[in-house]
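Peer 1: Spelled out, the chains give:
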Amino acid sequence: MKGYLGKVLLIDLSKGTWDSQDIPETVYEGLLSGVGLGAYYLYRHIPVGADPLGPDNILGFTSGLLTGTGSFMTGRWMAVCKSPLTGGWGDSNCGGTLAPAIKQCGYDAIFFRGISPESVYVYVDNKGPQIRDAAAYWGMDAVEAEKALIRDHLKAEGGSKKKPEVAVIGPGGEKLSRIAGISNDLGRYAARSGVGAVMGSKRLKALVLAGTRAVRPSDPEGMKRLSGVFASTVRKANLPGLFTGAVFPIMGGLMGGLPSAVPLDGMLSAMMFKKFGSIMNNTYGMTNGDSPVKNWDGSVKDFPAYRALNPDRIRRREVRKYHCYACILGCGGVCDIRDLSGGNGEHTHKPEYETCMAFGGLVLNKDLDSIFRINDTLNRAGLDTISVGGTVAFAVECFENGILTPADTGGLELRWGNARAIEALVEKICAREGIGDLLADGAKLAAERIGKGSERFAVHAGGQELPMHDPRVDPMMGVTYSADPTPGRHTTSGNLYYSQSSLWDYVSWAPKVRIHPKSQDFEPTETEALRNVAMTAFKMLVDGTGSCYYAMLMGVQHFPIFEYLNAATGWNRTPDEYMEAGKRIQTLRQAFNAKHGVDVRAFRMHDRASGIPPASEGHNRGVTLRIDEMIRQYRRAWGWDVETGLPTRETFESLGLSALPGLEYTHG
Amino acid sequence: MAKQYPNYDYVPCMACGICVQACPFSCLELRRTGLDTYRKAYPDLARREDCTGCGICASSCPVDAIRMGE
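First to last, the protein sequences are chains A and B.
Read left to right, the first sequence gives residues 7 to 674 (the working numbering).
Read left to right, the second sequence gives residues 3 to 72 (the working numbering).
Treat the hints as calculated values from the structure; they're not laboratory data.
Heads up, some of the hints might be wrong.
Unchecked claim - Residues from chain B that keep clear of chain A, each with C-beta distances beyond 10 angstroms, as calculated:
1. 7
2. 42
3. 43
4. 47
5. 50
6. 52
7. 60
8. 62
9. 64
10. 70
11. 72
To be verified - Rough simulated footprint, nothing fancy, chain A against chain B, three-plus residues with beta-carbon under 8 angstroms:
12. 12 to 25
13. 28 to 36
Unchecked claim - With a Cα cut of at most 30 angstroms, we get these calculated DSSO-like pairs of lysine-lysine:
14. 434/A with 5/B
15. 167/A with 8/A
16. 5/B with 458/A
Glycine is no exception: its CB is placed at the ideal position from the N, C-alpha and C atoms.
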């Protein structure tokens, strides 16, 4: 066995039928599994013109090639579909415990097409799938529905003795909110691209997996040796006990003030993630200019109370760490919120940095308790905290500028920092009530509905609200926001990621980083574009293998992804050869956009994120990115058409994509 | 021979949960805390009565932290 099963499951919810399909070996060799397998399947089977919320769209749950092979930090799954937010390729990555369960059912991926006449969930175990009535669960929040599904399957007569793993939508997905995600393990989210709305459109409440099949690598002993070394490195990576959250603003100020930056060993950030999780960036990002403030129009000077988001204050509620499957870092946490929830639950997942900032600095909210409540509310409703946060910031700015009035908001005074009004607005968005209905599909559509010049406050890229990382600090990330097949995403590529990757020591064509110039000195060169190609291709390997983004940030000298792949598959390939698979996946994702006639030029991010006009205060004052030039360099480096942003036929063919079964380059 | 159960050595154990997921009967849980300063939850045999002693958990562990014994 080579770490993958060689089979996928297709369930047609309109017909109530299912089909187990063999996937040719060459597909895994060319595109791995995970997002690569998803791109292959959806490129072939979603017809041109398919409505993202209609029966022809396909929603896939894919596991990674390395998932379940005895490798560490490879337990992530991906939801893939045509996105109702961008109209093009959609995917969303999630940890939790679902990824190995897909394989334990005997499949590398499970795909859904059609629309069920009634609400259903799908149960899969070693015997195969069953489509079951979900009337008892429809309408339940995502956390309670998962608990109920697990409880009901464990107690059922003849039911599973193995605790099932569940992917589920909340009411947000049921109500087709285009910023809805899919939950797993009580609030870990595949949040982006509107994947939850697609699941809701199919009237599919949940996927419940209870298989027990084994997954084996080609070289179990080799795999064990690699994992032993990796574990030993991570075990020793610990911050001193005296390193508290109070250090971060000082560190951010110092690092942000340096005239240039040198690459740091990724294990340093691993130490911080291990102790704090992503919230290490809550105050660090404020002083180094990374965190957007006041709907991307402000700076830390507008939010002097930012220390209210000190990660130590959040960790006080953390009763234990949370690990995704196969994780040896444990960036997550389970937090006690009994005094905040009003009886609606005892524990919640620790809010991530993105959530803290989307409902903190972005709306000038210093009330940390409100952020805990909003986090739990959105996890239960099944909505993406980044997109809701960006949409709320849009609404607040509209209100502050008189575009929205109390008559529009149901009396809510949507002022900067008004935590009570912001919480109330979030509740309305979850319920699609009043103004919440108008906002529940994200900032871009809300601006189209409101008009009155409000689109200037809708900060997004191609319909996807921007994450909480400012490209004026990391220009490469701005290119990814604007030119990736899934725009407005922070987990794919960036200067910081690349500088920690050490890819140049493994990949012959990956340019070395010695010193990073600061944004104001950043030149859009061919070399910078090639670094972005290398980082992005590497991220496609990460997403094709089920690997974790925090493992990626450790660098390949610590996270042995190339060696893991050889131990899993026995292919004995070089890093250069694996990176070709990463390039194929990225170009296939963009070819999906080409096939479906998506104008990817419209993905260019909001001007504020490029510093147009330049900020007059704060860390990023005076910085304007040469974003259009950078985008052109990026497209050229990929072999895509510089003007349209779509792959050329020559690139599609030279990467070997047209040699894969059933793949033919088509322009929509 | 008496039935064999998983015994954990928490020194190499990384609390990764691979054994928990591998168990066909969900006998194991990440529930044992107090073993480190991070408040990690480590695996433990939570349902001894359901354990068949199959050893799948031990064979799945990447760092050999599980020994089957009485």
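Peer 1: Could you run down the list of hints and mark each one as holding or not?
Peer 2: Hints, one by one, checked against the model:
Residue-level check passed: residue 7/B sits 17 angstroms from the nearest beta carbon of chain A, beyond 10 angstroms. Remark: the non-interface label on residue 42/B conflicts with the geometry, its nearest Cβ contact in chain A lying 5 angstroms away (cut-off 10 angstroms). At roughly 5 angstroms, the least C-beta separation between residue 43/B and chain A is not larger than 10 angstroms, which violates its mark as non-interface. Listed as outside the interface, residue 47/B is consistent with that label: its C-beta sits roughly 15 angstroms from the nearest C-beta of chain A, beyond the 10 angstroms cut-off.
At roughly 14 angstroms from the closest C-beta of chain A, the C-beta of residue 50/B stays outside 10 angstroms, upholding its exclusion from the interface. Distance check for residue 52/B against chain A: the nearest CB is about 7 angstroms away, which does not clear 10 angstroms, and the non-interface claim fails. Remark: the non-interface label on residue 60/B is consistent with the geometry, its nearest Cβ contact in chain A lying 12 angstroms away (cut-off 10 angstroms). Not every C-beta of chain A lies more than 10 angstroms from that of residue 62/B, the closest at about 7 angstroms, which undercuts listing it as non-interface.
Here residue 64/B does not stay apart from chain A, with its beta-carbon only about 4 angstroms from theirs, under the 10 angstroms limit. Every CB of chain A lies more than 10 angstroms from the CB of residue 70/B, the least distance being 17 angstroms, so the non-interface label holds. Taking the minimum C-beta to C-beta distance to chain A, about 23 angstroms, the non-interface status of residue 72/B holds against the 10 angstroms cut. Restraint check on the region 12 to 25 of chain B versus chain A: 9 residues with Cβ-Cβ distances below 8 angstroms, three needed, restraint holds.
For a cut-off of 8 angstroms, the count of residues in the region 28 to 36 of chain B with a CB near a CB of chain A stands at 3, and the three-residue condition holds. Restraint check for residue 434/A and residue 5/B: not satisfied, since their Cα atoms lie roughly 56 angstroms apart, outside the 30 angstroms limit. Proximity of residue 167/A to residue 8/A is assessed by CA-CA distance (about 28 angstroms); at most 30 angstroms being required, the pair is judged to hold. Our distance criterion of 30 angstroms between C-alpha atoms is broken by residue 5/B and residue 458/A, whose separation comes to about 74 angstroms.
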